[in-house]
Amino acid sequence: MSREPNYEFQEWWNKQREKNHDFFTNDSNNANKGFLTVEIRSLNPDLTTEKDRSRSARQLSWICLLRFQQLANSLAWITNSFLLLLRTANRRISAADSPCDSSASRLYRIIKFFLVLVVLLLCVELVAYFKGWHFSPPSAASAEAAVELFYALWLEIRADYLAPPLQSLANVCIVLFLIQSMDRVLLMLGCLWIKIRRIKPTASMEYPMGRVETGNVDDYPMVLVQIPMCNEKEVYQQSIAAVCILDWPKERMLVQVLDDSDELDAQNLIQAEVQKWHQKDFQPAPDFLKKTIPHFKGNDDLALVQARWAFVNKDENLLTRLQNINLSFHFEVEQQVNGVFINFFGFNGTAGVWRIKALEDCGGWLERTTVEDMDIAVRAHLCGWKFVYLNDVKCYCELPESYEAYKKQQYRWHSGPMQLFRLCFLDILHSKVNKAKKANLIFLFFLLRKLILPFYSFTLFCIILPLTIFLPEAELPAWVVCYVPGIMSVLNILPAPRSFPFIVPYLLFENTMSVTKFNAMISGLFRLGNSYEWIVTKKLGRSSEADLVAFENESDSSVTETTSFLRSSSDSGLEELSKLEVTSRRSVKTKRNRLYRMELTLAFILLSAAGRSLLSAQGHYRCHLESELQVTLTQHLLTNNSNFGVTGSGLKQFSIGHSLYGCQNANCEATCHWLKYKVCTKQKGIFEED
Numbered sequence: 012m013s014r015e016p017n018y019e020f021q022e023w024w025n026k027q028r029e030k031n032h033d034f035f036t037n038d039s040n041n042a043n044k045g046f047l048t049v050e051i052r053s054l055n056p057d058l059t060t061e062k063d064r065s066r067s068a069r070q071l072s073w074i075c076l077l078r079f080q081q082l083a084n085s086l087a088w089i090t091n092s093f094l095l096l097l098r099t100a101n102r103r104i105s106a107a108d109s110p111c112d113s114s115a116s117r118l119y120r121i122i123k124f125f126l127v128l129v130v131l132l133l134c135v136e137l138v139a140y141f142k143g144w145h146f147s148p149p150s151a152a153s154a155e156a157a158v159e160l161f162y163a164l165w166l167e168i169r170a171d172y173l174a175p176p177l178q179s180l181a182n183v184c185i186v187l188f189l190i191q192s193m194d195r196v197l198l199m200l201g202c203l204w205i206k207i208r209r210i211k212p213t214a215s216m217e218y219p220m221g222r223v224e225t226g227n228v229d230d231y232p233m234v235l236v237q238i239p240m241c242n243e244k245e246v247y248q249q250s251i252a253a254v255c256i257l258d259w260p261k262e263r264m265l266v267q268v269l270d271d272s273d274e275l276d277a278q279n280l281i282q283a284e285v286q287k288w289h290q291k292d293f294q295p296a297p298d299f300l301k302k303t304i305p306h307f308k309g310n311d312d313l314a315l316v317q318a319r320w321a322f323v324n325k326d327e328n329l330l331t332r333l334q335n336i337n338l339s340f341h342f343e344v345e346q347q348v349n350g351v352f353i354n355f356f357g358f359n360g361t362a363g364v365w366r367i368k369a370l371e372d373c374g375g376w377l378e379r380t381t382v383e384d385m386d387i388a389v390r391a392h393l394c395g396w397k398f399v400y401l402n403d404v405k406c407y408c409e410l411p412e413s414y415e416a417y418k419k420q421q422y423r424w425h426s427g428p429m430q431l432f433r434l435c436f437l438d439i440l441h442s443k444v445n446k447a448k449k450a451n452l453i454f455l456f457f458l459l460r461k462l463i464l465p466f467y468s469f470t471l472f473c474i475i476l477p478l479t480i481f482l483p484e485a486e487l488p489a490w491v492v493c494y495v496p497g498i499m500s501v502l503n504i505l506p507a508p509r510s511f512p513f514i515v516p517y518l519l520f521e522n523t524m525s526v527t528k529f530n531a532m533i534s535g536l537f538r539l540g541n542s543y544e545w546i547v548t549k550k551l552g553r554s555s556e557a558d559l560v561a562f563e564n565e566s567d568s569s570v571t572e573t574t575s576f577l578r579s580s581s582d583s584g585l586e587e588l589s590k591l592e593v594t595s596r597r598s599v600k601t602k603r604n605r606l607y608r609m610e611l612t613l614a615f616i617l618l619s620a621a622g623r624s625l626l627s628a629q630g631h632y633r634c635h636l637e638s639e640l641q642v643t644l645t646q647h648l649l650t651n652n653s654n655f656g657v658t659g660s661g662l663k664q665f666s667i668g669h670s671l672y673g674c675q676n677a678n679c680e681a682t683c684h685w686l687k688y689k690v691c692t693k694q695k696g697i698f699e700e701d
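For the sequence shown, this note's numbering assigns the number 701 to the last residue and increments by one with no breaks.
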């Protein structure tokens with residue numbers, strides 16, 4: 012059957028074609044009149060181009076696979092790098108090979124336990140932060156979940172039981188810190204007074220420079236020079252040579268080499284060096300004795316003349332630069348001020364001249380402690396002898412260039428004074444010196460500078476400071492954490508002004524070394540570990556080589572008559588030194604940087620505390636902004652309340668918004684209640700207080 016024609020549709024189509032003749036056009040040349048040509052106008056005529064640029068499903072799948080492969084390679088590279096870092100750190104972590112490690116292991120276990128505790132507290136605070144409990148702390152009564160109840164109980168325990176004793180300990184350390192800071196300030200003022208008044212020890216006579224005639228030696232006293240040695244293969248030649256070239260009549264000088272070496276090679280080398288100098292005649296120009304011996308003339312109560320240390324390798328690396336800061340302050344300020352005002356200071360063990368009568372009077376050298384130089388100085392002071400410090404007479408020496416050697420040296424320097432204090436405390440009380448000298452020895456020399464300084468440095472900045480961040484109920488003032496340590500660091504650097512660019516590494520370095528110093532102080536005071544074992548500080552022989560070269564150059568320019576003689580005695584030493592240096596370079600293996608576990612653990616503790624501080628700082632910042640907003644809004648409400656149209660419902664909405672914002676601090680709530688009270692009293696009769 013054929014379909015009937017639709018005349019209604021045909022009529023509609025003809026009308027539409029007549030109306031839209033711009034879009035529909037007839038092709039007059041077309042033979043078939045029944046077809047129409049339709050012109051389609053589009054806003055984007057470049058459809059074929061876009062179609063050519065489009066990707067197929069297969070191409071998209073290959074692109075996704077490529078992206079996944081790149082991501083997997085990146086993750087594998089990051090994982091391998093992290094594992095390699097862990098393996099390298101594990102290899103380079105320092106093993107327990109020093110004498111202080113047996114006692115330090117106890118402290119290390121305590122610090123490691125403290126690190127685990129700090130990490131757990133940080134996890135708890137992170138959960139509380141993401142739950143919003145920092146801004147609205149939960150209570151035990153309103154807690155719903157077990158975690159919320161645990162955090163509420165932790166807040167109560169923290170505020171009632173942990174924070175009060177921590178705050179008390181912090182206050183004690185703050186007092187000790189201020190006392191020690193005042194001592195530093197007084198020492199600096201004393202040094203400034205010495206510089207302004209140009210106070211300087213003067214000798215009653217002077218010796219002429221240059222060679223001394225053989226028959227004119229009666230004015231030169233007999234001098235005994237002692238050179239202690241202990242397995243020091245690197246510097247034994249230069250130490251003996253430096254003594255043997257002193258400008259002093261050989262008839263009036265006796266040199267003793269005190270060899271305590273337990274290695275056969277070292278003993279043979281030292282004996283050969285002594286025999287070599289026995290066969291040499293020497294009379295060079297160093298004037299150390301001629302600058303120090305005259306001070307004994309006319310001063311029968313003078314026991315010691317101490318010269319200043321100078322360091323030829325102070326610019327070798329960052330460690331030597333930081334050591335130079337501490338030792339420059341020690342010699343420029345502490346030793347000089349004590350020598351001028353009280354005629355007593357600790358003997359530094361070298362670069363000093365002793366009166367033999369004073370040594371005999373106080374009992375001579377004793378080996379009861381690892382600081383026999385300080386021991387004999389304290390005993391001589393108790394016998395009434397005086398000391399003189401010469402800041403302008405320098406004796407060059409070498410600083411330890413490795414952290415391991417420096418750590419062992421500092422352990423001995425801080426454990427020995429505590430051993431000595433325990434042994435001579437009763438002797439100080441029963442001595443015949445006046446009460447002022449007894450008080451200076453006990454409270455300043457031992458307690459303040461040898462015990463309190465390492466105690467509060469470690470306790471305050473490594474223990475209490477991180478704990479106050481996790482226990483915010485106990486607070487440390489900002490001036491204790493920032494301003495006073497900064498000022499003290501600037502004062503310490505003043506004697507070495509070239510070290511000012513290193514003030515920030517110096518602060519971090521002192522904080523790191525406080526662990527070793529605290530451990531050494533406790534070990535020496537309570538006889539823990541191997542605190543009595545003597546470890547010689549490792550030297551590289553740099554200073555002695557430089558001294559011999561400098562001495563040879565000075566001799567060439569000043570003493571022309573004895574040039575050939577001086578070279579004959581110096582060149583041989585330099586040649587042997589160069590041979591020794593070549594052999595040592597061949598034998599010594601390449602050293603790697605080492606990681607020290609105690610210092611590393613302490614660093615992670617401080618990093619965890621810093622992470623907790625970031626969370627609390629954001630909370631305090633939001634509360635601070637709200638407090639500022641409350642003060643500003645209060646001022647507007649009290650001055651322009653008619654413009655704001657304050658009503659009871661408006662104030663109530665402000666209180667609700669304040670609570671929804673999250674600040675539940677007691678100060679914020681008090682401000683809100685105060686705001687409602689002020690507005691109610693100013694707008695009496697308008698609304699009632701909620």
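Honestly, the hints are just simulated from the structure, not real lab data. Hints are supplied without guarantee of correctness; some may be wrong.
As the list claims (entries may be wrong) - Heads up, simulated EDC-like pairs for lysine to aspartate or glutamate below, C-alpha to C-alpha not over 20 Å straight-line:
1) K443 to D311
2) K244 to E415
3) K244 to E274
4) K325 to D229
5) K368 to D403
6) K261 to D230
7) K211 to D312
8) K368 to D230
9) K448 to D312
10) K308 to D372
11) K301 to E378
12) K211 to D403
13) K244 to D276
14) K449 to D194
15) K211 to D276
16) K302 to D230
17) K261 to D312
18) K449 to D438
19) K325 to D230
20) K397 to E412
21) K368 to E415
22) K549 to E274
23) K206 to D372
24) K123 to D438
25) K142 to E167
Right, here's what the structure says about each hint:
A hinted pair counts as satisfied when its Cα atoms are at most 20 Å apart, and K443 with D311 qualifies at roughly 19 Å. Distance check on the hinted pair: K244 and E415 sit about 19 Å apart at the alpha-carbon level, within 20 Å; holds. For the hint linking K244 to E274, the alpha-carbon distance of about 10 Å falls within 20 Å, and the restraint holds. Among the hinted pairs, K325 with D229 is inconsistent with the structure: their alpha-carbon atoms are about 40 Å apart, more than 20 Å.
Proposed proximity of K368 and D403 is contradicted: the alpha carbons are some 26 Å apart, above 20 Å. This hinted pair checks out: K261 and D230 have alpha carbons roughly 13 Å apart, not beyond 20 Å. Taking the CA atoms of K211 and D312, the gap is about 18 Å. The hint holds against a cut of 20 Å. Taken as a hint, the K368 and D230 pair is honoured in the structure, with Cα atoms around 19 Å apart against an allowance of 20 Å.
Annotation: proposed proximity of K448 to D312 holds, straight-line Cα distance about 16 Å (limit 20 Å). At most 20 Å may separate the alpha-carbon atoms for a hinted pair to count; K308 and D372 meet this at roughly 19 Å. Between K301 and E378 the CA atoms are separated by roughly 31 Å; this puts the pair beyond 20 Å, and the hint is violated. Of the supplied pair hints, the one linking K211 and D403 holds, its CA atoms being roughly 9 Å apart against a limit of 20 Å.
With a C-alpha separation of about 9 Å, the suggested pairing of K244 with D276 holds against the 20 Å cut-off. The straight-line distance between the Cα atoms of K449 and D194 is roughly 17 Å, inside the 20 Å bound, and the hint therefore holds. With a C-alpha separation of about 46 Å, the suggested pairing of K211 with D276 is violated against the 20 Å cut-off. Between K302 and D230, the direct Cα distance comes to roughly 14 Å. Compliance with the 20 Å bound is thereby established for this hinted pair.
At roughly 27 Å between alpha-carbon atoms, K261 and D312 are farther apart than 20 Å, so this suggested pair is violated. Of the pairs offered as hints, the one joining K449 and D438 holds, with about 10 Å between alpha carbons and a cut-off of 20 Å not exceeded. Restraint check: the Cα-Cα separation between K325 and D230 comes to about 38 Å, which exceeds 20 Å; the hinted pair is violated. For the given pair, K397 sits about 35 Å from E412 by alpha-carbon distance, which is inconsistent with the 20 Å threshold.
In summary, the hint linking K368 to E415 is not supported, as the alpha carbons are separated by about 39 Å, beyond the 20 Å threshold. Proximity of K549 to E274 is assessed by CA-CA distance (about 15 Å); at most 20 Å being required, the pair is judged to hold. A threshold of 20 Å between alpha carbons decides the hint, and for K206 with D372 the separation of about 35 Å lies outside it, so the pair is violated. The suggested pairing of K123 with D438 is violated, with an alpha-carbon distance near 40 Å, which exceeds 20 Å.
The suggested pairing of K142 with E167 holds, with an alpha-carbon distance near 18 Å, which does not exceed 20 Å.
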